[in-house]
Amino acid sequence: MENYKMLNNVAVSENGFLFLPGTGESFTLNEIGRMILEYLKEGNSSNEIIEKIAGEYDVDETVAERDFNDFINQLKNFRIVDAI
Amino acid sequence: MSKKYYERPVIIKQHSGMMNKFGSSPSLPPITEVEGIPVKELTEKYGSPLFTFSERKIRDNQRKMLRIFKTRYPKVQFAWSYKTNYLGAICSVFHQEGSWAEVVSEFEYDKAKGLGVDGQHIIFNGPDKTEEALEKAVKDKAKIHIDHFDELYSLMEITERLNLKADVAIRVNMDTGIYPKWDRFGFNYENGEAAQALKRIAMNDNLNLIGLHTHIGTYIMSAEPYRQAVIVLVELANMLSKQYDIALDYIDVGGGLPSNNTLKGQYLDAEQILPTYEQYADAITAPLFDLNLKPDELPTLILESGRALIDDAGYLLSTVIGNKRLSNGKRTIIIDAGVNYLFTSHWFNHKIAPAQHSGSFTENSAVYGPLCMNIDVLREDIVLPTMRKGDQVVILYVGAYSVTQWMQFITLRPNVVMIMEDGSVEVIRESEKLENITSSEKVPEKLNSFSLK
Ligand SMILES: Cc1ncc(COP(=O)(O)O)c(C=O)c1O
Numbered sequence: 001m002e003n004y005k006m007l008n009n010v011a012v013s014e015n016g017f018l019f020l021p022g023t024g025e026s027f028t029l030n031e032i033g034r035m036i037l038e039y040l041k042e043g044n045s046s047n048e049i050i051e052k053i054a055g056e057y058d059v060d061e062t063v064a065e066r067d068f069n070d071f072i073n074q075l076k077n078f079r080i081v082d083a084i
Numbered sequence: 001m002s003k004k005y006y007e008r009p010v011i012i013k014q015h016s017g018m019m020n021k022f023g024s025s026p027s028l029p030p031i032t033e034v035e036g037i038p039v040k041e042l043t044e045k046y047g048s049p050l051f052t053f054s055e056r057k058i059r060d061n062q063r064k065m066l067r068i069f070k071t072r073y074p075k076v077q078f079a080w081s082y083k084t085n086y087l088g089a090i091c092s093v094f095h096q097e098g099s100w101a102e103v104v105s106e107f108e109y110d111k112a113k114g115l116g117v118d119g120q121h122i123i124f125n126g127p128d129k130t131e132e133a134l135e136k137a138v139k140d141k142a143k144i145h146i147d148h149f150d151e152l153y154s155l156m157e158i159t160e161r162l163n164l165k166a167d168v169a170i171r172v173n174m175d176t177g178i179y180p181k182w183d184r185f186g187f188n189y190e191n192g193e194a195a196q197a198l199k200r201i202a203m204n205d206n207l208n209l210i211g212l213h214t215h216i217g218t219y220i221m222s223a224e225p226y227r228q229a230v231i232v233l234v235e236l237a238n239m240l241s242k243q244y245d246i247a248l249d250y251i252d253v254g255g256g257l258p259s260n261n262t263l264k265g266q267y268l269d270a271e272q273i274l275p276t277y278e279q280y281a282d283a284i285t286a287p288l289f290d291l292n293l294k295p296d297e298l299p300t301l302i303l304e305s306g307r308a309l310i311d312d313a314g315y316l317l318s319t320v321i322g323n324k325r326l327s328n329g330k331r332t333i334i335i336d337a338g339v340n341y342l343f344t345s346h347w348f349n350h351k352i353a354p355a356q357h358s359g360s361f362t363e364n365s366a367v368y369g370p371l372c373m374n375i376d377v378l379r380e381d382i383v384l385p386t387m388r389k390g391d392q393v394v395i396l397y398v399g400a401y402s403v404t405q406w407m408q409f410i411t412l413r414p415n416v417v418m419i420m421e422d423g424s425v426e427v428i429r430e431s432e433k434l435e436n437i438t439s440s441e442k443v444p445e446k447l448n449s450f451s452l453k
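Chains as they are written, first to last, in our numbering: chain A, 1 to 84; chain B, 1 to 453.
These aren't lab readings, by the way, just hints derived from the structure by calculation. Some hints here could point you the wrong way.
[Claimed, not checked] Among chain A residues calculated to face chain B with C-beta under 10 Å, some are:
#1 3
#2 21
#3 25
#4 29
#5 53
Here the structure is a predicted model, which is why all the values come from computation and not from measurement. Built from N, CA and C at the ideal position, the CB exists for glycine as well.
So here's chain A without its partners, still in its complex pose:
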């Protein structure tokens, strides 16, 4: 499974507000979305992140993986993360 890193210029606030200074675009995130970004920032691999989510939340790994992939695709489109 591919791993991802956050692009440097991304700022995330504690209440889930994300700002891209480069383009002036802003986004809002829900709790899980914010956590995933947090885990990415810490350098976790995709598998580690999915495991953590499935460990902490009431969700099985397949669903967590599917949602993670969908979410990452959006982040890639918005140029917030990139594959490493």
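Assemble chain B with the ligand onto chain A, guided by the hints.
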């Protein structure tokens, strides 16, 4: 230990401040290169205008889409819709990614075979399959999707005469709540025609019923119609299994997923209003689990997505010929690519970005092509920076229905290149030459000479 309540991760783009004070979107930032290669370099080498495709982007799109569906349903197969873009290089990228071929004419059928696709991996759709084409398809074991009763009767006659069996599906149309209804194609569900056709096929020894097909339209802007369509197909599949003990190999839901192009007359950008592909996939796959089948008997889900997979992999690079002011003061920019190359601009407001950095001053403009015709309008209203003769623009999302629907009109069609994954550039269709056009013309003897005074 009880676990926390789970909600799928979401990110939403905020749009405040997107509109400028004139109420239109601001100019796109300059796009000076495509896949890392400067626009200038490409047009200097291959001419302007220039259609440019990205191999990487095509593969990316296909892989992403496959993953979206595969994470929701176990058996998924894509079939590349030839009419969307049948340049050999483009089709071959899709075939390398594992997609079958979806064709709607003998020409497309032969093209697929010419590229090396064997009959079993060709889906033969469309209302116009000649007897010769049907014979060929039967012999090749292609998957023939029957469109109407006359075609069904021809096929019965052909298979009997050849003493061969044919693998067939029928195309079904149904009311999915969208307008316009595409009920011209296939057998109607509501009036019982579909069930009747299935019965005829089930009772014929030469026809091997292996699938059900529908294609509900193109650029479908909501996911719900797909759900309705799949519910109908599932109902028919359950009927087949109960009444005739037929287990289908596949259910084919056609294409129609939108790309990021914005339709004319649509105020908001497509990207802001269209559902995500994931939402479409949810709507398409959820009803499949209502099939009365054991998990190992589940049919393959086939998708014939066209524009969604190729549109944003195609760019049209073009050069400014000149600027003008209309009598009402509006600025117009004339570029060297017209509606003859970009037929799709009749329906879509294609995005146009400047290809070089310029001042921050922008102005509402019209963009015209070079044809000597009033209809040659690429954009009526678009905010662009000042442009000089020789400056360039990049027209975005032009991979679908462009290089198939374009026409040779007034000018010759330009080169088409593909930027390969390794960064090299390959010409995948050479620009036309005068001889290409005149070689198929014939001038009657008596018209061979004239003298002008
Ligand atoms: C039978 C069939 N399948 C697939 C397609 C591809 O459609 P789209 O480009 O909208 O995905 C078409 C296009 O009209 C079609 O007629």
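Interface restraint verdict for residue 25 of chain A against chain B (beta-carbon cut-off 10 Å): 7 Å, holds
(Q) Given residue 21 of chain A as an interface hint, is its Cβ closer than 10 Å to any Cβ of chain B? (A) Violated - the Cβ of residue 21 of chain A stays beyond 10 Å from chain B, reaching only about 14 Å at its closest.
Interface restraint verdict for residue 29 of chain A against chain B (beta-carbon cut-off 10 Å)
Where the cut-off is 10 Å and the nearest Cβ of chain B is about 5 Å from residue 29 of chain A, the hint holds.
Is the interface hint satisfied for residue 53 of chain A? The criterion is a beta-carbon contact with chain B at less than 10 Å. OK, holds: residue 53 of chain A within 10 Å of chain B, min 8 Å.
Proposed interface contact between residue 3 of chain A and chain B, which counts if any beta carbon pair is under 10 Å: 16 Å, violated
Figure legend: structure checked against the earlier numbered hints; hints not met, in rising order: 1 and 2.
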